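Colleague: As a plain string of letters, each chain reads:
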Amino acid sequence: MAAAGEIFRSNLTELLEESHSGDDELHVLAVDDSLVDRKVIERLLKISSCKVTVVESARRALQYLGLDGDGENSDIGFDESSVFREIPVVIMSSENVLTRIDRCLEEGAEDFLLKPVKLSDVRRLKDFIMRGEVKDGEKSSLKRRRSSDDCTPSLSTTFSPMRHLCDPPSSVFSPLSPSTLSSKKSRL
Amino acid sequence: MDQLQLQRELRDYEAAMFQQGFLDDQFSQLQKLQDDSSPDFVIEVMTMFFDDSEKLLNNMSRALEQIPVNFKQIDAYVHQQKGSSASVGAARVKNICATFRSFCEAQNRDGCVSCLQQLQKEYSQLKKNLKYLFRKQQEIKGGGGAIPTGE
Numbered sequence: 001m002a003a004a005g006e007i008f009r010s011n012l013t014e015l016l017e018e019s020h021s022g023d024d025e026l027h028v029l030a031v032d033d034s035l036v037d038r039k040v041i042e043r044l045l046k047i048s049s050c051k052v053t054v055v056e057s058a059r060r061a062l063q064y065l066g067l068d069g070d071g072e073n074s075d076i077g078f079d080e081s082s083v084f085r086e087i088p089v090v091i092m093s094s095e096n097v098l099t100r101i102d103r104c105l106e107e108g109a110e111d112f113l114l115k116p117v118k119l120s121d122v123r124r125l126k127d128f129i130m131r132g133e134v135k136d137g138e139k140s141s142l143k144r145r146r147s148s149d150d151c152t153p154s155l156s157t158t159f160s161p162m163r164h165l166c167d168p169p170s171s172v173f174s175p176l177s178p179s180t181l182s183s184k185k186s187r188l
Numbered sequence: 001m002d003q004l005q006l007q008r009e010l011r012d013y014e015a016a017m018f019q020q021g022f023l024d025d026q027f028s029q030l031q032k033l034q035d036d037s038s039p040d041f042v043i044e045v046m047t048m049f050f051d052d053s054e055k056l057l058n059n060m061s062r063a064l065e066q067i068p069v070n071f072k073q074i075d076a077y078v079h080q081q082k083g084s085s086a087s088v089g090a091a092r093v094k095n096i097c098a099t100f101r102s103f104c105e106a107q108n109r110d111g112c113v114s115c116l117q118q119l120q121k122e123y124s125q126l127k128k129n130l131k132y133l134f135r136k137q138q139e140i141k142g143g144g145g146a147i148p149t150g151e
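Same order as they appear, the protein sequences are chains A and B.
At position 152 of the first sequence (counting the first as 1) the number is 152 in full-length UniProt numbering, and the numbers step up by one without a gap.
At position 7 of the second sequence (counting the first as 1) the number is 7 in full-length UniProt numbering, and the numbers step up by one without a gap.
It should be emphasised that the hints constitute simulated quantities derived from the structure, not laboratory data.
Nothing here was measured: the structure is a model prediction, and the numbers come from that model.
You may find that some hints are simply not true.
Simulated restraints, written as ranges between beta carbons of each label pair [stated by the list, open to error]:
id : chain 1 : residue 1 : chain 2 : residue 2 : range
1  : B       : Glu9      : A       : Gly132    : 47 to 53 Å
2  : A       : Ser49     : B       : Asn70     : 28 to 34 Å
3  : B       : Gln5      : A       : Leu98     : 47 to 53 Å
4  : A       : Asp127    : B       : Gln20     : 32 to 38 Å
5  : B       : Asn70     : A       : Glu56     : 20 to 26 Å
6  : A       : Met130    : B       : Gln3      : 40 to 46 Å
7  : B       : Gly21     : A       : Val97     : 25 to 31 Å
8  : A       : Leu119    : B       : Ile43     : 15 to 21 Å
9  : A       : Arg85     : B       : Pro39     : 38 to 44 Å
10 : B       : Gly145    : A       : Met130    : 36 to 42 Å
11 : B       : Asp12     : A       : Asp102    : 43 to 49 Å
12 : A       : Val83     : B       : Phe134    : 41 to 47 Å
13 : B       : Pro39     : A       : Arg124    : 22 to 28 Å
Beyond 12 Å from chain B on every Cβ pair, some chain A residues (computed) [stated by the list, open to error]:
id : residue
14 : His27
15 : Lys46
16 : Thr53
17 : Ser57
18 : Asp68
19 : Ile87
20 : Thr99
21 : Arg103
22 : Glu106
23 : Lys115
24 : Pro116
25 : Lys126
We put the CB at the ideal spot given by N, CA and C, even for glycine.
Chain A with its partners taken away, still in its complex shape (with noise of 0.2 Å):
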């Protein structure tokens, strides 16, 4: 499992230097646990412009950004690096469980995505982070905007673009069924 630790982290550290090339294109990591999902999501940011990194579960996720506790250097957590903490996480979900919604808002969840998630999403959501512009009051507006639509069931996903150093990375989107979202929270 160390070894599977290193291989990850190596892969995070190609990723941030490709990033550092200097171009604007923004670096998603992508977490679901359907098959088809992640491949509409997949084509979705690709086609906008994105680059894009998709695996099967949180616990993925965390393995891929090197923060799953299980390699040497397993002292990097969220509260020590400031990157990490700065990577916006995007919610996405076929149910729209208002009280889950908020949650994972105020747990720091940049915006909500109900699925299933159109090109239009994407793009906006897209803008919405390259324009890098979170404040207090344009939270509080998105959660209001996801508010109005009605309940579908599901299970919840999240979407994490990663953009290069210079400027905070983008978001995280990764799976969060109510178990997981438990141990997220105490991990951010």
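Fit chain B to the supplied structure of chain A, relying on the hints for placement.
Modeller: What follows is chain B alone, placed relative to chain A:
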């Protein structure tokens, strides 16, 4: 059969699928994601959807045969099916899932069995229709024509 006629037939067939509720706007979204850099995107996604659905339907069927029935497990399968159906625009399949979940919650085995049958039927019909659609598209491509893009 000439290209023009093929294209017309294809457009009509696709329109009918939307009109009859087999497909909804999300399918159009998928079509928008297909271009020269990803020319078979829709077929690729739908193929994944077919594989995924067949696995889930089998799982639901097996779960309903168990004694006692694990309704939570079945609900989880239906939830997955609903999610993927929504993501690809398989409207009729998606709608049955909502009813199915209610029966799971009520732990109503007969209701679940009935929903599964409906699900299997709708899914089969959708798969058949889409395979026909894709075949026609291939014919047009083979003839050197372009697939009419969704409006």
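Colleague: Take the hints in turn and mark each one as holding or not.
Modeller: Structure-based check of each hint:
1. Between Glu9 of chain B and Gly132 of chain A, the C-beta spacing of about 50 Å keeps the proposed range 47 to 53 Å intact.
2. Ser49 of chain A and Asn70 of chain B have their C-beta atoms about 45 Å apart, which leaves the hinted 28 to 34 Å range violated.
3. Judged by the Cβ atoms, the range 47 to 53 Å given for Gln5 of chain B and Leu98 of chain A holds: they are separated by roughly 52 Å.
4. At roughly 36 Å, the beta carbons of Asp127 of chain A and Gln20 of chain B sit within the given window of 32 to 38 Å.
5. For the hinted restraint 20 to 26 Å between Asn70 of chain B and Glu56 of chain A, the CB-CB distance of approximately 24 Å keeps it satisfied.
6. Judged by the Cβ atoms, the range 40 to 46 Å given for Met130 of chain A and Gln3 of chain B holds: they are separated by roughly 43 Å.
7. Separation of Gly21 of chain B from Val97 of chain A is about 27 Å and conforms to the stated range, judged on CB atoms against 25 to 31 Å.
8. A hinted range of 15 to 21 Å holds for the C-beta pair Leu119 of chain A and Ile43 of chain B, which are about 19 Å apart.
9. The supplied range of 38 to 44 Å is met by Arg85 of chain A and Pro39 of chain B, whose beta-carbon atoms lie about 41 Å from each other.
10. Remark: the range hint 36 to 42 Å for Gly145 of chain B to Met130 of chain A is upheld by a beta-carbon distance near 39 Å.
11. Taking the beta carbon of each, Asp12 of chain B and Asp102 of chain A are about 46 Å apart, inside 43 to 49 Å as hinted.
12. Between Val83 of chain A and Phe134 of chain B, the C-beta spacing of about 45 Å keeps the proposed range 41 to 47 Å intact.
13. About 27 Å separates the C-beta atoms of Pro39 of chain B and Arg124 of chain A, a value consistent with the hinted range of 22 to 28 Å.
14. With a closest Cβ-Cβ approach of about 19 Å to chain B, His27 of chain A is found to remain outside the 12 Å limit, as its non-interface label requires.
15. For Lys46 of chain A, the shortest C-beta to C-beta distance to chain B comes to about 8 Å, within the 12 Å cut-off, and the non-interface label is violated.
16. No Cβ of chain B comes within 12 Å of the Cβ of Thr53 of chain A; the nearest lies about 18 Å off, and the non-interface call holds.
17. With 12 Å as the threshold on Cβ separation, the claim that Ser57 of chain A sits away from chain B holds: the shortest Cβ distance comes to roughly 14 Å.
18. With a least beta-carbon separation of about 25 Å from chain B, Asp68 of chain A lies farther than 12 Å from that chain, consistent with its non-interface assignment.
19. Every beta carbon of chain B lies more than 12 Å from that of Ile87 of chain A, the smallest distance being close to 25 Å; the non-interface claim holds.
20. Remark: the non-interface label on Thr99 of chain A is consistent with the geometry, its nearest Cβ contact in chain B lying 18 Å away (cut-off 12 Å).
21. Every C-beta of chain B lies more than 12 Å from that of Arg103 of chain A, the closest at about 20 Å, which supports listing it as non-interface.
22. Consistency note on Glu106 of chain A: stated as away from chain B, and its beta-carbon is indeed over 12 Å from all of that chain's, at 25 Å minimum.
23. Not every beta carbon of chain B lies more than 12 Å from that of Lys115 of chain A, the smallest distance being close to 6 Å; the non-interface claim is violated.
24. Some Cβ of chain B comes within 12 Å of the Cβ of Pro116 of chain A; the nearest lies about 5 Å off, and the non-interface call is violated.
25. Under the 12 Å C-beta cut-off, the non-interface status given to Lys126 of chain A relative to chain B holds; the minimum distance is some 15 Å.
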